[in-house]
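Visitor: Spelled out from the first residue to the last, the chains are:
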Amino acid sequence: MTVRILAACGAGVNSSHQIASAITSEMKKRGYNVKADAVMIKDVNAEMLKKYDIFTPISKTDLDFQTDTAIVPAGPILYRVPSMAKPVYDNVEKVIKEKHLK
Amino acid sequence: MADETTTPLIDKNLMFVVDGRSQDEVFQDVADRLLKADAVKPDFLKNLEEREKNYPTGMDMSVVNKDYPNIAIPHTEGQFVNTRKIIPVRLKQPIEFANMISPDQHFPVGFLFMILNNDPEGQANVLAQIMDFLTNADKDQLARLFNAEDTQTIFDILAPAFN
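Protein chains in written order, with my numbering: chain A, 1 to 102; chain B, 103 to 265.
The following block holds chain A by itself, in its conformation from the complex (with noise of 0.2 Å):
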């Protein structure tokens, strides 16, 4: 099964795309099928949400709706640092387990 997860940025240019591509080779290696996009944050809503399992946007952010699709704060993968990204692909990886999304 396929894992869809949805990378948002300020501009949907620059950070959502590497953040989209970064989670996508990871969990390739850590066995896990997953299908990557990322969009503007401003044009994120519920409807949109319902589409995926996991939404990476940059930062903590306050939707302004409700949604059942889980939340992980990806920014620092940003950096390129691995220290900083692990925690946040192990948070990634958390979700996919208790949600049995493989």
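Since the hints were derived computationally from the structure, they do not count as laboratory data. Treat the hints loosely; a few may be bogus.
Beyond 10 Å from chain A on every Cβ pair, some chain B residues (computed) [said to hold, decoys possible]: (1) T109; (2) V119; (3) R135; (4) D140; (5) K143; (6) L147; (7) D234; (8) T237.
One-sided excerpt, in silico: chain B residues whose CB lies under 10 Å from chain A [as the list claims (entries may be wrong)]: (9) I112; (10) N115; (11) E154; (12) Y157; (13) P158; (14) V166; (15) T178; (16) E179; (17) V228; (18) N238.
For every residue, glycine included, the Cβ atom is placed at its ideal position computed from N, Cα and C.
Starting from the known structure of chain A, fit chain B onto it as the hints suggest.
Guide: Frame of chain A; chain B shown alone:
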């Protein structure tokens, strides 16, 4: 339009050493120069400012090396720019930015890597390339970059790494 895959990311004419005292002053100054160079569209400044306010781009470099100044990577949507470039800006006076990954936190920033990107899907990620450079480059070379008094110094250090 030039072939993006062969256009260098670092352009000798698109890098600046500036003396502004605030984020507004620096953004205005740099945006004016980028507009004159036809690198951005007239709405660039307004959108850059708004995006920085809502989704800040400061990065705390002490996690990479405590001797490095903090940086920021201001940018906005591709529709407001005409090219795919990294615009290095040395700030002679550090100015305050909010932290990208925890926006409530503020810190002084000494160097900008402004990202102009009209092709987010294309090639290697520009932000990833900047961070890979900063986390792997020689420390003395980076010290010269962060203290550069002229654009020639910036070009000599960044061009071999990015072009």
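Visitor: Work down the list of hints and note, for each, if the structure agrees.
Guide: Results of checking the hints against the structure:
{"no.": "1", "hint": "T109", "verdict": "holds, 17 Å"}
{"no.": "2", "hint": "V119", "verdict": "holds, 24 Å"}
{"no.": "3", "hint": "R135", "verdict": "holds, 21 Å"}
{"no.": "4", "hint": "D140", "verdict": "holds, 20 Å"}
{"no.": "5", "hint": "K143", "verdict": "holds, 14 Å"}
{"no.": "6", "hint": "L147", "verdict": "holds, 14 Å"}
{"no.": "7", "hint": "D234", "verdict": "violated, 6 Å"}
{"no.": "8", "hint": "T237", "verdict": "violated, 6 Å"}
{"no.": "9", "hint": "I112", "verdict": "violated, 16 Å"}
{"no.": "10", "hint": "N115", "verdict": "violated, 22 Å"}
{"no.": "11", "hint": "E154", "verdict": "holds, 8 Å"}
{"no.": "12", "hint": "Y157", "verdict": "holds, 3 Å"}
{"no.": "13", "hint": "P158", "verdict": "holds, 8 Å"}
{"no.": "14", "hint": "V166", "verdict": "holds, 6 Å"}
{"no.": "15", "hint": "T178", "verdict": "holds, 5 Å"}
{"no.": "16", "hint": "E179", "verdict": "holds, 5 Å"}
{"no.": "17", "hint": "V228", "verdict": "holds, 6 Å"}
{"no.": "18", "hint": "N238", "verdict": "holds, 9 Å"}
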